[in-house]
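Sequence order for the protein chains is Y and L.
Under numbering that gives the first Met the number 0, the first residue of the first sequence carries the number 0, and numbering increases by one thereafter.
Under numbering that gives the first Met the number 0, the first residue of the second sequence carries the number 0, and numbering increases by one thereafter.
If you're looking for bench data, these hints aren't it; they were derived computationally from the structure.
Treat the hints with care, as some may be off.
[Claimed, not checked] Result set (PhoX-like, lysine-lysine): computed pairs, CA atoms no more than 20 angstroms apart in a straight line:
(1) Lys187/Y - Lys203/Y
(2) Lys145/Y - Lys187/Y
(3) Lys163/Y - Lys148/Y
(4) Lys166/Y - Lys113/Y
(5) Lys205/L - Lys148/Y
(6) Lys187/Y - Lys148/Y
(7) Lys166/Y - Lys203/Y
(8) Lys145/Y - Lys205/L
(9) Lys103/L - Lys113/Y
(10) Lys187/Y - Lys163/Y
(11) Lys172/L - Lys17/L
(12) Lys172/L - Lys145/Y
[As the list claims (entries may be wrong)] Among chain L residues calculated to face chain Y with C-beta under 8 angstroms, some are:
(13) Val89
(14) Ala93
(15) Ala96
[What the hints assert, rightly or not] Just so you have them, the derived chain L footprint on chain Y, three or more residues with Cβ under 8 angstroms:
(16) 12 to 18
(17) 49 to 59
Quick caveat: nothing in here was measured; it's all calculated off a predicted structure.
Cβ atoms here follow ideal geometry from the backbone N, Cα and C, with glycine treated the same way.
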Amino acid sequence: MSDVQVPPEPGALRLVGTLTVAGFLAGLLLAATYELTLPTITANAQAALRAAVFQVVPGTTSMRKLVLAGERFVVADGSEDKNATVAYAAYGEGGALLGFALPADGPGFQDTIKLIYGYDPSRAHIVGMQVLESRETPGLGDKIFKDPKFAAEFDDLACTPEIKVVKHGTGSAPHEVDGITGATISSKSVVRILNEQNRRLLDKLPARDALPPAPTEPAQKEDSK
Amino acid sequence: MSPPTAQDTARAYREFSKGIWQENPVFVQVLGMCPTLAVTNSAINALAMGTATTAVLMCSSVLVSLLARFIPSQVRISTYVIVIATFVTVVDFALQAIAPAVHKELGAFLSLIVVNCLILGRQEAFAARNPPHLALMDAAGMGLGFALALLCLGAAREVLGNGSLFGVSLFGKSFEPWVVMVLPPGGFLMLGVILLLFSYRLQRKKRHPEAASQEQAA
Chain Y
0 MSDVQVPPEP
10 GALRLVGTLT
20 VAGFLAGLLL
30 AATYELTLPT
40 ITANAQAALR
50 AAVFQVVPGT
60 TSMRKLVLAG
70 ERFVVADGSE
80 DKNATVAYAA
90 YGEGGALLGF
100 ALPADGPGFQ
110 DTIKLIYGYD
120 PSRAHIVGMQ
130 VLESRETPGL
140 GDKIFKDPKF
150 AAEFDDLACT
160 PEIKVVKHGT
170 GSAPHEVDGI
180 TGATISSKSV
190 VRILNEQNRR
200 LLDKLPARDA
210 LPPAPTEPAQ
220 KEDSK
Chain L
0 MSPPTAQDTA
10 RAYREFSKGI
20 WQENPVFVQV
30 LGMCPTLAVT
40 NSAINALAMG
50 TATTAVLMCS
60 SVLVSLLARF
70 IPSQVRISTY
80 VIVIATFVTV
90 VDFALQAIAP
100 AVHKELGAFL
110 SLIVVNCLIL
120 GRQEAFAARN
130 PPHLALMDAA
140 GMGLGFALAL
150 LCLGAAREVL
160 GNGSLFGVSL
170 FGKSFEPWVV
180 MVLPPGGFLM
190 LGVILLLFSY
200 RLQRKKRHPE
210 AASQEQAA
């Protein structure tokens with residue numbers, strides 16, 4: 000800093016003033032950017048969630064958000080707490096209730112695994128599962144979402160008795176999941192997360208006739224035009 | 000303002016090009032190691048990180064260069080950090096809106112651009128004491144150099160560790176990926192190899208100055 004000429008010491012007011020102005024301008028710019036990008040960001044998150052629900056409950060054409068209120072899931076009216084436990088009722092063609100999509104998370108091998116799975120109450124079967132977020136080891140643990148065979152294990156899986164992971168290639172019963180060689184911990188974690196969420200939530204899901212009919216909003220169907 | 004002379008243009012070009020090779024922020028100055036090691040596990044992540052950093056660097060440099068006269072030197076660092084942090088957050092929001100998948104991959108490292116010493120370093124060492132157009136050239140060059148270095152690492156690690164480039168599989172199913180390369184240690188290994196090449200080149204240049212000057216003339 001030898002070539003900088005040090006001017007006479009500026010007053011404290013000037014220092015505070017400079018930082019205040021800088022902070023104020025920064026705040027303005029941030030607020031503007033936030034306002035500008037918020038609609039797109041919300042729409043993106045919505046679309047991602049929609050795609051996930053539609054995938055884990057095959058045949059879904061519309062959905063309704065539910066929140067856990069005490070011992071029962073009720074239809075969300077927008078006033079719910081941000082951290083409330085949610086589920087999504089999935090309706091198919093003609094407004095028939097196909098099942099529920101339940102988000103769940105729990106510890107994996109490296110970090111929390113977040114997933115969503117579809118549950119069909121009429122058969123007490125899991126009908127689909129998608130990992131939303133995980134940091135499992137690339138090449139090993141990440142097979143829980145990169146290996147299509149593992150995902151297919153959850154396409155029709157009995158929940159009673161409790162789901163069990165078995166050694167790869169030996170699963171035959173409807174409640175057994177073939178584990179992944181090299182991803183034992185990660186695949187067991189997925190099943191543990193499912194079992195825990197099942198124990199916690201399945202008896203709280205609303206009965207078919209306790210739910211309002213399917214929402215009439217167009218569900219981004221191809222045949223809407 | 001007088002029209003730019005040939006000398007001015009040459010100077011601007013020099014400020015731009017130095018960051019790409021001779022003073023490359025990663026391979027020569029060894030700055031900004033945190034993102035360099037953390038997010039170069041695939042080419043697309045490296046490219047996104049490089050682009051985001053370049054955008055922040057260019058915006059901050061121009062603004063700091065314009066405002067430097069009004070900022071008392073006692074609070075200059077804090078002011079620079081406010082400027083940088085603001086642009087980082089803007090880029091964060093923008094990426095979240097434009098490319099949510101990439102934003103998810105980069106995660107916390109995007110916000111950590113704030114503490115990338117490359118950016119603060121350029122404000123203090125260059126932008127604050129040079130006119131805006133030169134600051135912009137310097138920032139663009141340094142940013143590009145940083146992005147290229149990251150892309151280099153990211154591409155090499157993805158090809159070796161995943162058998163793909165930009166997500167496109169290169170070798171087919173028979174290739175056994177070298178998983179360690181996409182894990183954190185792979186970043187250190189790859190960076191080490193590249194730094195070795197750079198310092199070998201530098202050593203050779205010192206030992207054979209004639210050859211080096213010829214190389215430069217060419």
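Checked hints:
Simply put, Lys187/Y and Lys203/Y have alpha-carbon atoms about 25 angstroms apart, too far for the 20 angstroms limit, and the pair is violated. About 16 angstroms separates the Cα atoms of Lys145/Y and Lys187/Y, which keeps this hinted pair within 20 angstroms; it holds. At most 20 angstroms may separate the alpha-carbon atoms for a hinted pair to count; Lys163/Y and Lys148/Y meet this at roughly 16 angstroms. With a C-alpha separation of about 24 angstroms, the suggested pairing of Lys166/Y with Lys113/Y is violated against the 20 angstroms cut-off.
Restraint check: the Cα-Cα separation between Lys205/L and Lys148/Y comes to about 57 angstroms, which exceeds 20 angstroms; the hinted pair is violated. A hinted pair counts as satisfied when its Cα atoms are at most 20 angstroms apart, and Lys187/Y with Lys148/Y qualifies at roughly 15 angstroms. At roughly 32 angstroms between alpha-carbon atoms, Lys166/Y and Lys203/Y are farther apart than 20 angstroms, so this suggested pair is violated. As the CA atoms of Lys145/Y and Lys205/L are separated by approximately 50 angstroms, the hinted pair breaks the 20 angstroms bound.
A threshold of 20 angstroms between alpha carbons decides the hint, and for Lys103/L with Lys113/Y the separation of about 13 angstroms falls inside it, so the pair holds. With a C-alpha separation of about 8 angstroms, the suggested pair Lys187/Y and Lys163/Y falls inside the 20 angstroms cut-off, and the hint holds. Pair hint Lys172/L plus Lys17/L does not hold up; C-alpha atoms about 42 angstroms apart against a cutoff of 20 angstroms. Between Lys172/L and Lys145/Y the CA atoms are separated by roughly 14 angstroms; this keeps the pair inside 20 angstroms, and the hint holds.
Nearest Cβ of chain Y to the Cβ of Val89/L: about 5 angstroms, under the 8 angstroms cut. The hint holds. Checking Ala93/L against chain Y by beta carbon gives a least distance of about 6 angstroms; that is within 8 angstroms, so the hint holds. Using the Cβ-Cβ criterion of 8 angstroms, the hint placing Ala96/L at the interface with chain Y is satisfied: the shortest such distance is roughly 4 angstroms. Judged by the Cβ-Cβ criterion of 8 angstroms, the segment 12 to 18 of chain Y is covered by chain L as claimed, because 4 of its residues qualify and three suffice.
With 0 residues carrying a beta carbon less than 8 angstroms from a beta carbon of chain L, the segment 49 to 59 of chain Y misses the three-residue requirement, and the given coverage is violated.
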